[in-house]
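Residues per chain are reported as follows:
2 protein chains.
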Amino acid sequence: MSDQQSVAVFGLGAMGYGMASSLLRAGIETHGFDIVSEQMEKFQSEGGKPGPLEDAANAISIAVVCVLNAAQTEDVMFGAKGIVPMMKNGSVVIACATVPPEFAKDMEKRCIEQGVHYLDAPISGGAAKAASGELSIMASGTKEAFATAKPALDACAQNVFELGDAAGAGSAMKAVNQLLAGVHIATMAEALTFGMTQGVTPDKFIEVISQCAGSSWMLENRAPHVAKGDYTPLSQINIWPKDLGIVLDVAKTAGFSAPITAAALQQYMVAVGMGLGREDDAAIAKVYARNAGLDLPGEK
Amino acid sequence: MSDQQSVAVFGLGAMGYGMASSLLRAGIETHGFDIVSEQMEKFQSEGGKPGPLEDAANAISIAVVCVLNAAQTEDVMFGAKGIVPMMKNGSVVIACATVPPEFAKDMEKRCIEQGVHYLDAPISGGAAKAASGELSIMASGTKEAFATAKPALDACAQNVFELGDAAGAGSAMKAVNQLLAGVHIATMAEALTFGMTQGVTPDKFIEVISQCAGSSWMLENRAPHVAKGDYTPLSQINIWPKDLGIVLDVAKTAGFSAPITAAALQQYMVAVGMGLGREDDAAIAKVYARNAGLDLPGEK
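Taken in sequence, the protein lines are chains A and B.
Per our numbering, the very first residue in the first sequence carries number 1; after that it's consecutive.
Per our numbering, the very first residue in the second sequence carries number 1; after that it's consecutive.
These are calculated hints, taken from the structure and not from any lab test.
It is possible that some hints are incorrect.
Copies of one chain are not kept apart here, so a pair can be met inside one copy or by any two copies together.
Said to hold, decoys possible - Listed next, the in silico DSS-like pairs over lysine-lysine satisfying Cα-Cα at most 27 Å (straight line):
#1 K49 <-> K242
#2 K204 <-> K109
#3 K109 <-> K242
#4 K105 <-> K228
#5 K143 <-> K204
#6 K49 <-> K228
#7 K49 <-> K300
#8 K88 <-> K228
#9 K42 <-> K252
Note that this is a predicted model, so its numbers are computed, not measured.
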């Protein structure tokens, strides 16, 4: 079995499952691992290769790590059943979680010590684009890391931004994107509910603002969730205390003041406190509505 | 002369001059008035009709008021040389400044008392679209106000959003748009300079983020000003303390908390304090750069 090359995806959540499916669709032998055994069984029923990890590890040339955060990434790579020590020389880890740039640099260093390449490769685009193999990947790493990762990048991404020859740059760009995305979602909610106090309905808000200078990618994507009263979690509120927390930690280390990010983070913290953490992030509108005594669509 | 119908534009700044030129281009007899006599002479040299206002007033069927704020709007309409008392029955005022919705309602009431229609008609799109007759107009007013204003709206606008049959709704939507636009410009600056602390250049920021979920209309429009170090004032910093101030005043009256808007406003206030009020609003990036000890493009 050790002559065969294969990919393993660690983390079969909304993003990882989509990436694993895109790899299968590209004809690549793909293992899928998750702490939720039902997700692994589902993936195997759709053509995914079975474990256990120990048997598969020496055939894995590409490990895609698509878990929630830095702690889970480190555990998958170097924990009790860490994969990196099991991987063969010259294989590559593609690390997709949003993590601090310094963490990515540390992971790269530890991988190189084990003869394994590391691609700092945060992803953007949401679950639908993960499933269709059309993600944007903000990637940095050595030339060898990019070359080894190429079959998986080709299968999963529409855009691969090559941001430098060392880990850290990919995660830095992702932090920049998350600063903007997190603030824009909260600002959409602030503006939409402010409009409601002045008689502007959510539908009219979307109709007019999406054609004016106040629009944003996130406004066009998330405001319809509020207008429909549909908070099915495509991307959870819980993402934002984590990601904006990373932004502010990195900013603090750099001596950088980010007051708008800090204000947005507080609104997400209120949402978590209200028990909305697992709802779609457009539910940040409920914080504003509660404070102002407004009824959002679907609430009455 | 009293049988002739004509339009008068009050305020020949970046927006008003463009609208007046669009009216001329549409073959409409147009007077232009401004406190800066050079602007009036320039407009007359391009085909604008001469004053004085007293002679022209009884022929004016449409008065476009395109001044800086509510105080100037009220002065043009009802001040010592106020136009409304001079205008004939059934004529219309098109009021384009960003003003509080309650102010617009008051102006409508006072116009109706004089037998003059009032269209609450804030504009969006910037000087270039004003000049090309492609503005977006967020309008509300009576059916008669819309009907009388139609020739001017047709000449100046690409989109006329009809937001209701009474003044106030147009200004409410404009306030919503300005909340978003003002926050998005400042957030662009926060993210761009945060990225610089992590080695993300302004050019790379624009290349990547404009294709990712963190993008906004304002980011795509203003970030290039920072990347080029060009702060030629297409829209001044000074606009934002005024417009976000209106948003927060309206919000306060409505019992609405807008913490992200408040945080953005403070950054514009810092910019004004630094003497940047008359620079392009992308110069908000200089606040962040100064605080973090960064050199923006063009600064070294």
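Outcome of the hint check:
Taking the closest pair of Cα atoms, K49 and K242 never come within 27 Å of each other, the shortest separation being 32 Å inside a single copy and 61 Å across copies. When the C-alpha separation of K204 and K109 is checked against a cutoff of 27 Å, the pair qualifies only between copies, where the shortest distance is 25 Å, while the shortest distance within a copy is 52 Å. In this assembly of identical chains, K109 and K242 lie within 27 Å of each other by CA distance solely inside one copy; the values are 24 Å within and 51 Å between copies. Taking identical chains as interchangeable, the C-alpha atoms of K105 and K228 are never at most 27 Å apart, the minima being 42 Å within one chain and 31 Å between chains.
Only between protomers do K143 and K204 lie at most 27 Å apart by alpha-carbon distance; the minimum there is 19 Å, versus 50 Å within a single protomer. Taking CA atoms no more than 27 Å apart as the test, K49 paired with K228 passes in neither setting, with 40 Å inside one copy and 51 Å between copies. Proximity of K49 to K300 under the C-alpha cut-off of 27 Å is found in neither arrangement, the shortest distances being 48 Å within a copy and 56 Å between copies. In this homomeric assembly, K88 and K228 never come within 27 Å of each other (Cα to Cα): the closest approach is 50 Å inside a single copy and 47 Å across copies.
For the homomeric pair K42 and K252, neither the shortest alpha-carbon distance inside one copy (42 Å) nor that between copies (52 Å) is at most 27 Å.
Checked against the numbered hints above, the structure breaks hints 1, 4, 6, 7, 8, 9 and satisfies the rest.
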